[in-house]
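Given next are the chains, with one letter for each unit.
Number of protein chains: 2
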Amino acid sequence: MRQVTIDIKKVKELISKKALKSLRTIIQDQHPVDLAEVLEELSHHESIELFKVIDFDVALEVLAELGSEKKFFILTNVNPRYAVQLLNEMSADDLADFLGELPEEKKNIVLSLLETREQSDVRGLLSYDENTAGGLMTTEYIAFSVDLKSEEALNRLSELAPDAETVYYVYAVDSMHRLVGVVSLRDLILAPAQTPIGEFMSTEVKKVKASMDQEDVAKLMKKYGFLALPVVDDNDVLLGIVTVDDVMDVMEEETTEDMLKLAGSDEKLDTQASSPWMRAKRRLPWIMVAVMGEIISGSVINNFSYTIKALVALSFFIPVLMDMGGNVGTQSAAIVVRGLATGEINPASLGKNVLREAVVGIILGAINGTLIALIAYIWQGEIVLGIAVGIAMAFNLTLAAILGTLMPFLWHRMGHDPAVAAGPFVTTALDIIGLFIYFTAATWILKA
Amino acid sequence: MRQVTIDIKKVKELISKKALKSLRTIIQDQHPVDLAEVLEELSHHESIELFKVIDFDVALEVLAELGSEKKFFILTNVNPRYAVQLLNEMSADDLADFLGELPEEKKNIVLSLLETREQSDVRGLLSYDENTAGGLMTTEYIAFSVDLKSEEALNRLSELAPDAETVYYVYAVDSMHRLVGVVSLRDLILAPAQTPIGEFMSTEVKKVKASMDQEDVAKLMKKYGFLALPVVDDNDVLLGIVTVDDVMDVMEEETTEDMLKLAGSDEKLDTQASSPWMRAKRRLPWIMVAVMGEIISGSVINNFSYTIKALVALSFFIPVLMDMGGNVGTQSAAIVVRGLATGEINPASLGKNVLREAVVGIILGAINGTLIALIAYIWQGEIVLGIAVGIAMAFNLTLAAILGTLMPFLWHRMGHDPAVAAGPFVTTALDIIGLFIYFTAATWILKA
Numbered sequence: 001m002r003q004v005t006i007d008i009k010k011v012k013e014l015i016s017k018k019a020l021k022s023l024r025t026i027i028q029d030q031h032p033v034d035l036a037e038v039l040e041e042l043s044h045h046e047s048i049e050l051f052k053v054i055d056f057d058v059a060l061e062v063l064a065e066l067g068s069e070k071k072f073f074i075l076t077n078v079n080p081r082y083a084v085q086l087l088n089e090m091s092a093d094d095l096a097d098f099l100g101e102l103p104e105e106k107k108n109i110v111l112s113l114l115e116t117r118e119q120s121d122v123r124g125l126l127s128y129d130e131n132t133a134g135g136l137m138t139t140e141y142i143a144f145s146v147d148l149k150s151e152e153a154l155n156r157l158s159e160l161a162p163d164a165e166t167v168y169y170v171y172a173v174d175s176m177h178r179l180v181g182v183v184s185l186r187d188l189i190l191a192p193a194q195t196p197i198g199e200f201m202s203t204e205v206k207k208v209k210a211s212m213d214q215e216d217v218a219k220l221m222k223k224y225g226f227l228a229l230p231v232v233d234d235n236d237v238l239l240g241i242v243t244v245d246d247v248m249d250v251m252e253e254e255t256t257e258d259m260l261k262l263a264g265s266d267e268k269l270d271t272q273a274s275s276p277w278m279r280a281k282r283r284l285p286w287i288m289v290a291v292m293g294e295i296i297s298g299s300v301i302n303n304f305s306y307t308i309k310a311l312v313a314l315s316f317f318i319p320v321l322m323d324m325g326g327n328v329g330t331q332s333a334a335i336v337v338r339g340l341a342t343g344e345i346n347p348a349s350l351g352k353n354v355l356r357e358a359v360v361g362i363i364l365g366a367i368n369g370t371l372i373a374l375i376a377y378i379w380q381g382e383i384v385l386g387i388a389v390g391i392a393m394a395f396n397l398t399l400a401a402i403l404g405t406l407m408p409f410l411w412h413r414m415g416h417d418p419a420v421a422a423g424p425f426v427t428t429a430l431d432i433i434g435l436f437i438y439f440t441a442a443t444w445i446l447k448a
Numbered sequence: 001m002r003q004v005t006i007d008i009k010k011v012k013e014l015i016s017k018k019a020l021k022s023l024r025t026i027i028q029d030q031h032p033v034d035l036a037e038v039l040e041e042l043s044h045h046e047s048i049e050l051f052k053v054i055d056f057d058v059a060l061e062v063l064a065e066l067g068s069e070k071k072f073f074i075l076t077n078v079n080p081r082y083a084v085q086l087l088n089e090m091s092a093d094d095l096a097d098f099l100g101e102l103p104e105e106k107k108n109i110v111l112s113l114l115e116t117r118e119q120s121d122v123r124g125l126l127s128y129d130e131n132t133a134g135g136l137m138t139t140e141y142i143a144f145s146v147d148l149k150s151e152e153a154l155n156r157l158s159e160l161a162p163d164a165e166t167v168y169y170v171y172a173v174d175s176m177h178r179l180v181g182v183v184s185l186r187d188l189i190l191a192p193a194q195t196p197i198g199e200f201m202s203t204e205v206k207k208v209k210a211s212m213d214q215e216d217v218a219k220l221m222k223k224y225g226f227l228a229l230p231v232v233d234d235n236d237v238l239l240g241i242v243t244v245d246d247v248m249d250v251m252e253e254e255t256t257e258d259m260l261k262l263a264g265s266d267e268k269l270d271t272q273a274s275s276p277w278m279r280a281k282r283r284l285p286w287i288m289v290a291v292m293g294e295i296i297s298g299s300v301i302n303n304f305s306y307t308i309k310a311l312v313a314l315s316f317f318i319p320v321l322m323d324m325g326g327n328v329g330t331q332s333a334a335i336v337v338r339g340l341a342t343g344e345i346n347p348a349s350l351g352k353n354v355l356r357e358a359v360v361g362i363i364l365g366a367i368n369g370t371l372i373a374l375i376a377y378i379w380q381g382e383i384v385l386g387i388a389v390g391i392a393m394a395f396n397l398t399l400a401a402i403l404g405t406l407m408p409f410l411w412h413r414m415g416h417d418p419a420v421a422a423g424p425f426v427t428t429a430l431d432i433i434g435l436f437i438y439f440t441a442a443t444w445i446l447k448a
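Chains Y and E are the protein sequences, given in the same order.
When we follow the numbering used here, the leftmost residue of the first sequence carries the number 1, and every step to the right adds one.
When we follow the numbering used here, the leftmost residue of the second sequence carries the number 1, and every step to the right adds one.
Hints should not be assumed to be uniformly reliable.
It does not matter which identical chain is used: a pair holds within one copy or between any two.
Computed list of lysine-lysine pairs in BS3-like fashion (alpha-carbon distance at most 25 Å, straight line) [what the hints assert, rightly or not]:
1) K106 x K17
2) K70 x K219
3) K52 x K106
4) K447 x K309
5) K222 x K107
Bear in mind the hints are in silico, worked out from the structure with no lab data behind them.
Kindly produce the complete structure, drawing on both the sequences and the hints.
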């Protein structure tokens, strides 16, 4: 792999010296993605100077890769005519995403710079929920009439290609712009010159409604290995396409969300942007819920104060009981959350999955229960302690596997994100129940 | 979206009635991915009957989607000549993946059915580690000499296209088969007919070595939005290409691994395949480590038996202390693990990240420490208890944020998977330290 060879220090130095020629040489032939990375590292003032020496075509691609803050700064600080030119050449979905992230006032500044046609495209895209197929799609697709001959289609393609997001699929539409078929560029090249598209197109087109959730769109594209997927309205009229690169971003986003929720946090990965205070605030609600839950755990122990006074060693095993339950519960929950996300677990198979995890829980519970009972007995020389700890551990791990599986499943069924129901909630519930079983067993045995 | 309309019950019924004509009608025009799903649901005997009525071209694609067990059964139970035909038309990378999953004996049966040329391709692919670019790549790419004219290239493309994995990039090689450039199908269509590829190709080709880790390959392709990436040896000789669909699978695999490791488990998502015993065994080592850790937590409490006897209410706050530390630590760890995986966190910025998380930890610690101190005081009417719990909580959450960030970072730096260092290890370490601070503070204050 070619290494990224842009030396940021050197770039900063050249900018301060206004050595534009050397600057141009350094950035020549660099990938737009790498240039965007450099721009993000530079100060606002420096980035404008660098941006000015980038060629128009490359600048367009660089712009598409920039964060919205930097993008807005650059567009409002280069020559206004150049900004207008850039904006009107940007792809409609990138523009819509960009505008969606700007506050109202800035949004209007940018919109005012757009040509009428671009403006209506972008406003159209902005009207969809950003988490749906409509919010994800671009309007820069290629669609031809079913009657168009393959040779002519290839010719038109050459003209249209520079503006289209992907030329790898060409859609066939009827006179009402309803989607009726699809041909790949491959089919088009292979087809005899005079054959109309309608004769060799595939009529089995997978397509999605504009309102479909972006996660479902991503799953569908992954399952069938599509590079692009057409988006239609209720009458099958073609509205746009979703491309594989956007879908990869969605997959990443959704997975990050799942992972952080599973860890009990509404945090985002915008580690650079937000203040520690903001970050703490996002995590606080989850922690407060857990505090309340664990106060209940504490009051369970409170109810057994006499038992603890009689046998202080009982308190030595609170940590291992709590931690084990939490571990097993989180393991089970992670499997369900991830399995539902990748489609490897069928949402309809609740009973089967819970049953299977319950068996795993019983095995883990039996092994660890025996182990911990032995440790307790050997360590403290109290048979009572061994039995109570062993029983509580065995019960708790079985329950942990069941609850850990059941909760995200049920939450998913009620139409919520399963990751939320996992993690902290399951752990806290298990702590309360586990401690209750433990002390009840101990009190019982001590009395007997 | 077109619904999957294959009624499995109906299919089973038609198979048992041997109503092949009706069977053929039902599966006609169905997507290979959907047909593969149906085959996986059927019994071995039924699936052979259904497979026989699928057309050759579709059957090939269906085969590519099947799990290795079903695939092996079908290939060894259809007409041997048909099996040979199918095998020799399968793409080399799919074949290599399939063979990699088979036990030695079965592998040899399949290899013996392959033609010599296919065999050497597949053996070549099998020689790479399956987690590297070499293990991921396919040899069915298209490469032309730099001297070939664009028109001729397009013509040859039409002949080669059906066998190639992707025709969206065409690679340009010199006389030694060294990679020197790339043209997209789009460039080829747009170029004047008589221009040699060398004149309009891009010479800035992103490429990877065969030994590169698959996760790095996936990151690179995602970053630059490539649909395919060429793989070369140390002399830049083109060996194969990695395509976007394989990379999407890698992303999913790696993320699943991260998520389950973060939850403290070596589990896999093969929920259908493995027995509960196997599943329990995979989780057991992690749990055992945690048991040992929590026994240390228990012995910390043991050292403070006298303090607990003096003030039993101290034990009521063990759950909240332990749970909070674990929560905050896991949150911080999840952010680092995910940030490193997506590239949003720079592995070099250890100090900066730890510092920022420490501030978040201090904020969370101060708020929750104060809250829990108040609760303790109001609930138990003991000022000592309030102060001890508050101090321990504040310390513990700060430490949790620091350790949760630091551990996966360090682990990553030592060349290991950061997800392993997160989760259970951090939680257990925090429990031990947290309880120690708590009881030390309480003993101190009680003495004073």
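Hints the structure violates: just list their numbers, smallest first.
Hint check: 1, 5 fail, others pass.
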